[in-house]
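Q: In case you want the letters, here they are:
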Amino acid sequence: MHTVETVNVRGTNVRLLQGGEGPVLIYFHGAAGGGEWLPFLEQLSAHYRVLAPEHPGFGESDDLPDVDSMQDLAFFYLDFLDQLGIEKVGVIGSSLGGWLALELATLAPHRVSRMVITGSAGIRVEGVQLTDLFMLDDREHLEILFHDESFVQNRLAAASIGDTETVLLQARNRASVAHLAWNPYFHNPKLRQRVHRITMPVLVVWGEHDRVFPLRYGEEFERILPDAKLRLVRDCGHLPAQEKSAEFVALTHNFFSKGVR
Amino acid sequence: MKFLLQHLMTWPYVPENSSYPQAWVTYPHSNYDPKLGEELYETYLNQLVHAEEVGFDGVCVNEHHQTAYGTMPSPNIMAAMLAARTKRVKIAILGNAIPLRNNPQRIAEELAMLDVLSHGRIISGFVRGIGPEYHSFSLDPTQSRSRFHEAHDLIIRAWTEPEPFEFYGKHYKLRYVNPWPRPVQEPHPPIWIPSQGSVETIDWVAEHHYTYLQTYSSIGSVRRVFNEFKEAAERHGYQASPNQLGWALPIYLADTDEKARQEAKRPLEYLFNDVFKMPPSVFFPPGYLTPQSMARVLANKKGMGTSRLTAEDLIEKGYVLVGTPETVRGKLEEYQQDFGFGNLLPMLSFGTMNNAAAMENIDRFAAEVMPYLRPLGESKEQEQGVL
Numbered sequence: 001m002h003t004v005e006t007v008n009v010r011g012t013n014v015r016l017l018q019g020g021e022g023p024v025l026i027y028f029h030g031a032a033g034g035g036e037w038l039p040f041l042e043q044l045s046a047h048y049r050v051l052a053p054e055h056p057g058f059g060e061s062d063d064l065p066d067v068d069s070m071q072d073l074a075f076f077y078l079d080f081l082d083q084l085g086i087e088k089v090g091v092i093g094s095s096l097g098g099w100l101a102l103e104l105a106t107l108a109p110h111r112v113s114r115m116v117i118t119g120s121a122g123i124r125v126e127g128v129q130l131t132d133l134f135m136l137d138d139r140e141h142l143e144i145l146f147h148d149e150s151f152v153q154n155r156l157a158a159a160s161i162g163d164t165e166t167v168l169l170q171a172r173n174r175a176s177v178a179h180l181a182w183n184p185y186f187h188n189p190k191l192r193q194r195v196h197r198i199t200m201p202v203l204v205v206w207g208e209h210d211r212v213f214p215l216r217y218g219e220e221f222e223r224i225l226p227d228a229k230l231r232l233v234r235d236c237g238h239l240p241a242q243e244k245s246a247e248f249v250a251l252t253h254n255f256f257s258k259g260v261r
Numbered sequence: 262m263k264f265l266l267q268h269l270m271t272w273p274y275v276p277e278n279s280s281y282p283q284a285w286v287t288y289p290h291s292n293y294d295p296k297l298g299e300e301l302y303e304t305y306l307n308q309l310v311h312a313e314e315v316g317f318d319g320v321c322v323n324e325h326h327q328t329a330y331g332t333m334p335s336p337n338i339m340a341a342m343l344a345a346r347t348k349r350v351k352i353a354i355l356g357n358a359i360p361l362r363n364n365p366q367r368i369a370e371e372l373a374m375l376d377v378l379s380h381g382r383i384i385s386g387f388v389r390g391i392g393p394e395y396h397s398f399s400l401d402p403t404q405s406r407s408r409f410h411e412a413h414d415l416i417i418r419a420w421t422e423p424e425p426f427e428f429y430g431k432h433y434k435l436r437y438v439n440p441w442p443r444p445v446q447e448p449h450p451p452i453w454i455p456s457q458g459s460v461e462t463i464d465w466v467a468e469h470h471y472t473y474l475q476t477y478s479s480i481g482s483v484r485r486v487f488n489e490f491k492e493a494a495e496r497h498g499y500q501a502s503p504n505q506l507g508w509a510l511p512i513y514l515a516d517t518d519e520k521a522r523q524e525a526k527r528p529l530e531y532l533f534n535d536v537f538k539m540p541p542s543v544f545f546p547p548g549y550l551t552p553q554s555m556a557r558v559l560a561n562k563k564g565m566g567t568s569r570l571t572a573e574d575l576i577e578k579g580y581v582l583v584g585t586p587e588t589v590r591g592k593l594e595e596y597q598q599d600f601g602f603g604n605l606l607p608m609l610s611f612g613t614m615n616n617a618a619a620m621e622n623i624d625r626f627a628a629e630v631m632p633y634l635r636p637l638g639e640s641k642e643q644e645q646g647v648l
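First to last, the protein sequences are chains P and W.
Going by my numbering, the first residue of the first sequence is number 1, and it counts up by one from there.
Going by my numbering, the first residue of the second sequence is number 262, and it counts up by one from there.
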């Protein structure tokens, strides 16, 4: 069960999916876009009030022309939390959304109770070769996300190929990603000198076979964050919350409810 | 009609059926042989200089990066060579990719230098740079339009305002804009805008009374775009002059239509396929096109770069003109009367064509096509010698 509403944040309309009751969790979606009440969100909403906004520039949310960086977007989400009257929140960020979570937590560590990042962007690890996502075609883009080929097949079957509206929507999402992550490629060089501010407990969840940001990235986050623990998800690609949702829900629920990592 | 010889200075040695996914961005520069490059620059420059000797009104250079398609990453350097080696012809730089420079004031300076060095012979083209260049420069493609417009405004003000000024834009923040030297031509060199025909560009060029240049397109696109330009000019309250419309395309001439087709086949296919090859994600990086243009591209998906075009396709769809001088001038006359352009920019040396064939093509065009078409498309101002 979830509801869909539009929240106006200082003039910018954001589409917000919301479900459940209890302590508040916010999910920051990644580069592929939000707007979908994914199974892991439904499962977490049995224990928490789960918020899943679509970032400005994505899906049915407004453009936000003044956002030029992930830090700008983090400032926007501070206004968003103020608007909803939420003082402190548990954060889950996947991929590009993980980077957003990290920026938010450096700006306002007192607003974040605990944080889960998974397949997260945000830093650069020297010597680890990354595939340039911006050079991939649609199919290659899907293939690199998942370890289990059946996820790729299901997504391909579900995609309404050739539907102009869908294509334009995806094009807008991708343009927003490019605007945030083209250069420097999916990271903020300043983040490393600011991560000492992220003092809350962090759970780093990584797919064993992540080919977007390889496991070395997860290990690096565990190393540089003041209070982080890495949990590896076996037989999994870049999106554990989707490819191994039961395992991901168990890990995050244990962490948010009992502090177990 | 004015005639300007267009050149890409293509690298002609990419092997047929090369296994690389593209001839841009990641095509290894170890494939560039500087020794062959020395000869090539000399050959290509001589072709452009020869164009002046046989009566062309201008010669053109352009900017592309990290590619075998064109070997002039700095068109201003080639323009300087041509300024020294020619006396009369216009030197059209089509164009400087202004968003790619971190300080557009540098372009204002270089073009002013060139205008002074050439005694006022510069035509200044401005372009955004095509998709792969945003990969090559790691430059956010979603900002290409706003950077283009801001850089344009800065350069025009730099050329025309009498006093030093401050410029605080979104992209460029400059405490002192005060370029020395200033251009010879008043108020500044003519501005030509090469484009593939996006609706936004057509409107912007018409609004500014600049010259619109359609490059390498099917005859259907050329017709549509020129008509859209005339409509746009009317929307902005004036009638477009033929001098405001230019058309750039490869042309090849021979004794018979059949011979022309045979000889042009390989050079054309090389140019439009082997060195223009790139994946769609490189040709159209995210945000490079507006949603409006994107819809247009989707509606007409088959095209340059992303799918293979045979010489027969190219000839049939009017991307190129190939045949006897009679055939070619007949078509050009028909098209001129149909859509009223006043500048023709034939590319007469292209792809894998060797120097002897290119020189013959240039001579033939000058002797057997140009004189027949000269009187067409002259605006009143041109007849009076104003432009």
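To be clear, the hints were calculated from the coordinates, so they are not data collected in a lab.
In this text the structure is predicted, and so the values were computed from the model without any measurement.
Backbone N, C-alpha and C define an ideal beta-carbon position, used for all residues, glycine too.
Be careful, since some hints might not be right.
[To be verified] Okay, the calculated beta carbon distance ranges per label pair:
| no. | chain 1 | residue 1 | chain 2 | residue 2 | range |
| --- | --- | --- | --- | --- | --- |
| 1 | P | Asp63 | W | Val377 | 36 to 46 Å |
| 2 | P | Leu232 | W | Thr551 | 23 to 33 Å |
| 3 | P | Asp137 | W | Lys296 | 45 to 55 Å |
| 4 | W | Ser399 | P | Leu232 | 45 to 55 Å |
| 5 | P | Glu165 | W | Ser407 | 38 to 48 Å |
| 6 | P | Val4 | W | Lys592 | 51 to 61 Å |
| 7 | P | Ala158 | W | Pro451 | 15 to 25 Å |
| 8 | W | Lys578 | P | Glu165 | 54 to 64 Å |
| 9 | P | Glu165 | W | Glu300 | 48 to 58 Å |
| 10 | W | Pro541 | P | Asp235 | 48 to 58 Å |
| 11 | P | Glu222 | W | Thr304 | 21 to 31 Å |
| 12 | P | Thr131 | W | Gly298 | 46 to 56 Å |
[What the hints assert, rightly or not] If we take Cβ atoms under 8 Å as the criterion, some of the chain P residues that face chain W in the derived model are:
| no. | residue |
| --- | --- |
| 13 | His179 |
| 14 | Trp182 |
| 15 | Glu222 |
Q: None of the hints should be skipped; say for each whether it holds.
A: Here is what the structure says about each hint:
The hinted range of 36 to 46 Å is satisfied by Asp63/P and Val377/W, whose Cβ atoms lie roughly 44 Å apart. Evaluation of the 23 to 33 Å hint for Leu232/P and Thr551/W yields a failure: the beta carbon distance comes to about 43 Å. The hinted window of 45 to 55 Å between Asp137/P and Lys296/W is violated, with their beta carbons roughly 37 Å apart. At roughly 32 Å, the beta carbons of Ser399/W and Leu232/P sit outside the given window of 45 to 55 Å.
Look at Glu165/P against Ser407/W: about 26 Å separates their beta carbons, and that is not inside 38 to 48 Å. Judged by the Cβ atoms, the range 51 to 61 Å given for Val4/P and Lys592/W holds: they are separated by roughly 58 Å. Checked against the hint of 15 to 25 Å, the pair Ala158/P and Pro451/W fails, with Cβ atoms roughly 53 Å apart. Hint check: Lys578/W to Glu165/P, Cβ distance near 29 Å, so the stated range 54 to 64 Å is violated.
Between Glu165/P and Glu300/W the Cβ separation comes to about 53 Å, which falls inside the hinted range of 48 to 58 Å. Hint check: Pro541/W to Asp235/P, Cβ distance near 32 Å, so the stated range 48 to 58 Å is violated. Checked against the hint of 21 to 31 Å, the pair Glu222/P and Thr304/W fails, with Cβ atoms roughly 59 Å apart. Taking the beta carbon of each, Thr131/P and Gly298/W are about 32 Å apart, not inside 46 to 56 Å as hinted.
About 4 Å separates the beta-carbon of His179/P from the nearest beta-carbon of chain W, less than 8 Å, and the hint is met. For Trp182/P, the shortest C-beta to C-beta distance to chain W is roughly 4 Å, which falls under 8 Å, so the interface hint holds. Taken as an interface hint, Glu222/P does not check out: its beta carbon lies about 29 Å from the nearest beta carbon of chain W, beyond 8 Å.
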